[in-house]
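Protein chains: 2
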Amino acid sequence: MLKPREAVLAVPLYHPPLAGREGLRLDFNENTVGCSPRVLERLRGLDPEQLVKYPERGPAEAAVAGFLGVPSDEVLLTNGVDEAIHLLCETYLEADDEAVIVVPTYSMYRIYAMATGARVVEVAAGEDFAFPAETLIERVSGRTRLICVANPNNPPGSVASREDLLRIARSAPDAALLVDEAYYEFYGQTMLGAWRELPNVYVARTFSKAYGMAGLRLGVLAGDAEQMKSVRRVASPYNVNAVALGCVPEAIADQGYVEGYVAEVREGRERLKKALGVYGIRFWPSQANFILMRVGLTKTDSAKFVEQMRRRGMLVRDRSSDHGCEGCVRITLGPKEHVDRMLAALQEVVEELGIAQGASPR
Amino acid sequence: MLKPREAVLAVPLYHPPLAGREGLRLDFNENTVGCSPRVLERLRGLDPEQLVKYPERGPAEAAVAGFLGVPSDEVLLTNGVDEAIHLLCETYLEADDEAVIVVPTYSMYRIYAMATGARVVEVAAGEDFAFPAETLIERVSGRTRLICVANPNNPPGSVASREDLLRIARSAPDAALLVDEAYYEFYGQTMLGAWRELPNVYVARTFSKAYGMAGLRLGVLAGDAEQMKSVRRVASPYNVNAVALGCVPEAIADQGYVEGYVAEVREGRERLKKALGVYGIRFWPSQANFILMRVGLTKTDSAKFVEQMRRRGMLVRDRSSDHGCEGCVRITLGPKEHVDRMLAALQEVVEELGIAQGASPR
Numbered sequence: 002m003l004k005p006r007e008a009v010l011a012v013p014l015y016h017p018p019l020a021g022r023e024g025l026r027l028d029f030n031e032n033t034v035g036c037s038p039r040v041l042e043r044l045r046g047l048d049p050e051q052l053v054k055y056p057e058r059g060p061a062e063a064a065v066a067g068f069l070g071v072p073s074d075e076v077l078l079t080n081g082v083d084e085a086i087h088l089l090c091e092t093y094l095e096a097d098d099e100a101v102i103v104v105p106t107y108s109m110y111r112i113y114a115m116a117t118g119a120r121v122v123e124v125a126a127g128e129d130f131a132f133p134a135e136t137l138i139e140r141v142s143g144r145t146r147l148i149c150v151a152n153p154n155n156p157p158g159s160v161a162s163r164e165d166l167l168r169i170a171r172s173a174p175d176a177a178l179l180v181d182e183a184y185y186e187f188y189g190q191t192m193l194g195a196w197r198e199l200p201n202v203y204v205a206r207t208f209s210k211a212y213g214m215a216g217l218r219l220g221v222l223a224g225d226a227e228q229m230k231s232v233r234r235v236a237s238p239y240n241v242n243a244v245a246l247g248c249v250p251e252a253i254a255d256q257g258y259v260e261g262y263v264a265e266v267r268e269g270r271e272r273l274k275k276a277l278g279v280y281g282i283r284f285w286p287s288q289a290n291f292i293l294m295r296v297g298l299t300k301t302d303s304a305k306f307v308e309q310m311r312r313r314g315m316l317v318r319d320r321s322s323d324h325g326c327e328g329c330v331r332i333t334l335g336p337k338e339h340v341d342r343m344l345a346a347l348q349e350v351v352e353e354l355g356i357a358q359g360a361s362p363r
Numbered sequence: 002m003l004k005p006r007e008a009v010l011a012v013p014l015y016h017p018p019l020a021g022r023e024g025l026r027l028d029f030n031e032n033t034v035g036c037s038p039r040v041l042e043r044l045r046g047l048d049p050e051q052l053v054k055y056p057e058r059g060p061a062e063a064a065v066a067g068f069l070g071v072p073s074d075e076v077l078l079t080n081g082v083d084e085a086i087h088l089l090c091e092t093y094l095e096a097d098d099e100a101v102i103v104v105p106t107y108s109m110y111r112i113y114a115m116a117t118g119a120r121v122v123e124v125a126a127g128e129d130f131a132f133p134a135e136t137l138i139e140r141v142s143g144r145t146r147l148i149c150v151a152n153p154n155n156p157p158g159s160v161a162s163r164e165d166l167l168r169i170a171r172s173a174p175d176a177a178l179l180v181d182e183a184y185y186e187f188y189g190q191t192m193l194g195a196w197r198e199l200p201n202v203y204v205a206r207t208f209s210k211a212y213g214m215a216g217l218r219l220g221v222l223a224g225d226a227e228q229m230k231s232v233r234r235v236a237s238p239y240n241v242n243a244v245a246l247g248c249v250p251e252a253i254a255d256q257g258y259v260e261g262y263v264a265e266v267r268e269g270r271e272r273l274k275k276a277l278g279v280y281g282i283r284f285w286p287s288q289a290n291f292i293l294m295r296v297g298l299t300k301t302d303s304a305k306f307v308e309q310m311r312r313r314g315m316l317v318r319d320r321s322s323d324h325g326c327e328g329c330v331r332i333t334l335g336p337k338e339h340v341d342r343m344l345a346a347l348q349e350v351v352e353e354l355g356i357a358q359g360a361s362p363r
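Residue numbers (this note's numbering), protein chains in the order written: chain A, 2 to 363; chain B, 2 to 363.
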């Protein structure tokens, strides 16, 4: 009888709540406005020839590499960052190897790592979700082949310092260190180019967040050219669709659009922090386009909160099941008008549920 | 020092000649005209909200399942058939397992299978590229976990009978049998639903060929619902882009477009066969949208032919490096006007190179 590999059967099911998302989308850390109008214009004017032909990744890859200021052979465009994670797991991990991740963090590191048969070593974030550099280094073993760090991390929005990341890369020269910079634009610090000194460092970027192109699926994996050759071996030559490839030059050309959006998000972040402070709701200072907050002590509390927000047209994400996030909800920031609406709903919900009464003291 | 897995280093590099494709594209078995105008219209009118949101595969998956006449849980939309192959390899193969393929065939089965660390067992096609059912069954071992059959096969265009495929599935109940029906529309016979009786049968389909949507990257994997659950575990929830998902309902609704195109291709196939017969050039009767022909005895001969065709604005594909294809070239068929141009160029090249003089007797 046909049986899937044991490792695949052990992979946890991951069903993000994508269906029926009616309301203001503050649940997936997407851009809540849209992509640059130049991207939209390019999409609408796309040469029909680009749809019928197999996509050619090369030219867009060169454009993105140029934008990042690195040579083309250090860059691979991927079908979203998920594919970059998948390819790194396939390149470096096999049964009996170990992958080290920080918890809580983005779900797909664990999923793709487990699918290879490797053991996933979870390192709990420190107090207030501080990056656990010391513990992580202690947990690196002779079998560690991949370390994944989202920086900023999701859902807490906390960051790892450059020094800590370099220290980890040095302590684990036999492991690839993926620094997932999906939220780079909201933070501003990068490990890009660190592979010149430490060839085990990889950086991932995405066009799904600040650039507002999540639907087009475009991720970037950057790293040492020699290591990258191996990653390319397991990637389909046709992994990225022609619409994403055709639009990305406009996306990177319109930096004004991205900068404007990021500035609005940062302003919104300050406003939400202030409001949460006033209500006495515990939250964690985030360097990304979202804030994690504790709206109660249990899953029931966070579920109630999410439901009350939903009734007011606000989609926010329950993160109660994440490590150390009991009773927590994550809210994505956007431009002023969206933050206005979210704050108005928040005030109502806080009053209705009595959260401001000190249910979750700071 | 960071080292990729041995299995990955053993994967052959695959660089299809995608760059600088100036001329009539008869080299990748693409549709040479374009996708349905309804697809193009949908793309241009796509709600910008679809670009900024993470794609939701469910509704399009249900539409495709409905079109194929199977329940949704038997269908997974993929980032082209390449991803379907990748996911099947990951689901069933690990080091020390065996994958069985027929040679010559599509390149990616071998690449993804080797990346898992499995051994790839090659079964040579028979006389005139006949499907080697007997030999294949003999080569199935206790370690065989995946068998890949392109039907029609590429590059020869030959087919495997339903009886042979069922026999293989029965002989190898511990292995998944992928029947890759990328060229189904030009052939008309399918194994869809065979998994009701034999749960190890999978079928792949694509929108890259007859539908003319290669740039959008949309493949279909169909199979037993229970088996499919495992495949879904290793797929990203966001593997297919929103443009492909948004356009596919129009593509399947416009069957008239596909049927018209397929009829033209079939007519062109007959015309090319007739011309090759007249020139005395050996070819193999194909059930797909291409014909493989022997234009000489060596790689030099086929390279010369490809170059002469290129000078006349015709891109055709040298298949000399494929098993049993020394001196062979593959030409994609299209509508009348494209076939007219191709045949005119062919006549010139045949004369210039003296191929019709009996260099490759039938």
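There's no promise every hint is true.
Identical copies go unnamed one by one, so any copy, or any two together, can satisfy a pair.
[What the hints assert, rightly or not] Using 30 angstroms as the maximum straight-line C-alpha spacing, the simulated DSS-like pairs for lysine-lysine come out as follows:
no.	residue 1	residue 2
1	K300	K230
2	K4	K230
3	K230	K337
4	K337	K4
5	K4	K300
6	K274	K4
7	K274	K230
8	K305	K275
It should be emphasised that the hints constitute simulated quantities derived from the structure, not laboratory data.
If you're wondering where the values come from, they're calculated on a predicted model, not measured in any experiment.
(message) Tell me the hint numbers this structure goes against, listed in increasing order.
(response) Violated: hints 3, 4, 5, 6, 7.
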